[in-house]
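Engineer: Could you put together the complete structure from these sequences and hints?
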Amino acid sequence: MSGDRTPRARALERALYDSGLPTCWAGSYAALRDSRALERAVRHTAASLALMPAAYRWGTVAALRLFPVAFRAVTWTSPHSASPERLRHGLGQLRARPGYADVLRATTALALYGALDGTAPRPAHPPLGAVR
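In terms of our numbering, the sequence shown opens at residue 878 and continues consecutively.
Since the hints were derived computationally from the structure, they do not count as laboratory data. Check each hint, because a few of them may be wrong.
[Stated by the list, open to error] Distance ranges between label pairs, derived from CB positions: (1) Ala950 - Tyr894: 19 to 27 angstroms; (2) Ala908 - Asp979: 20 to 28 angstroms; (3) Arg942 - Thr883: 15 to 23 angstroms; (4) Ala986 - Pro945: 18 to 26 angstroms; (5) Glu962 - Pro884: 32 to 40 angstroms; (6) Pro884 - Arg942: 31 to 39 angstroms; (7) Pro975 - Arg913: 29 to 37 angstroms; (8) Arg887 - Val946: 21 to 29 angstroms; (9) Thr954 - Arg885: 25 to 33 angstroms.
Glycine included, every Cβ here is placed at the ideal spot set by N, Cα and C.
Structural biologist: Right under this line is the structure:
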């Protein structure tokens, strides 16, 4: 899904980066600390969100726009500059809040799947019996 770079997906990528959520993912999950893996995660998440029905997508964008405020409310710091401990703490606190629990669960799962995009080795030759 990371090849889907529609204008809607690009706008969602920007919303994700602006929210600080990718910084939280990188601080919380070793699989997302590599910048290439994090970029794949953001692209995959944005492309997936771009396919959601409009009402769900708008709600998710609203939650992303409010994420820095919500994060600051529970940690007293910005998600863009928080320490890894504060990032994990803030995500843990927000996962317990109605509304953010579902958004964080869904986006984090998409991000982790997205980090795997393109990492599986491709065979040098097509499998035996494959149609060319």
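Engineer: If a hint holds in the structure, say so; if it doesn't, say that too.
Structural biologist: Here is what the structure says about each hint:
In this structure the supplied range 19 to 27 angstroms holds for Ala950 paired with Tyr894, their Cβ-Cβ distance being about 21 angstroms. A hinted range of 20 to 28 angstroms holds for the C-beta pair Ala908 and Asp979, which are about 22 angstroms apart. Separated by about 20 angstroms at the C-beta atoms, Arg942 and Thr883 satisfy the suggested range of 15 to 23 angstroms. Roughly 21 angstroms separates the CB atoms of Ala986 and Pro945, a value that falls within the hinted 18 to 26 angstroms.
A beta carbon spacing of about 37 angstroms between Glu962 and Pro884 agrees with the range 32 to 40 angstroms that was offered as a hint. Taking the beta carbon of each, Pro884 and Arg942 are about 18 angstroms apart, not inside 31 to 39 angstroms as hinted. For Pro975 paired with Arg913, a C-beta distance near 34 angstroms keeps the hint of 29 to 37 angstroms intact. Remark: the range hint 21 to 29 angstroms for Arg887 to Val946 is upheld by a beta-carbon distance near 24 angstroms.
Separated by about 31 angstroms at the C-beta atoms, Thr954 and Arg885 satisfy the suggested range of 25 to 33 angstroms.
The structure does not agree with numbered hint 6 stated previously, though it agrees with all others.
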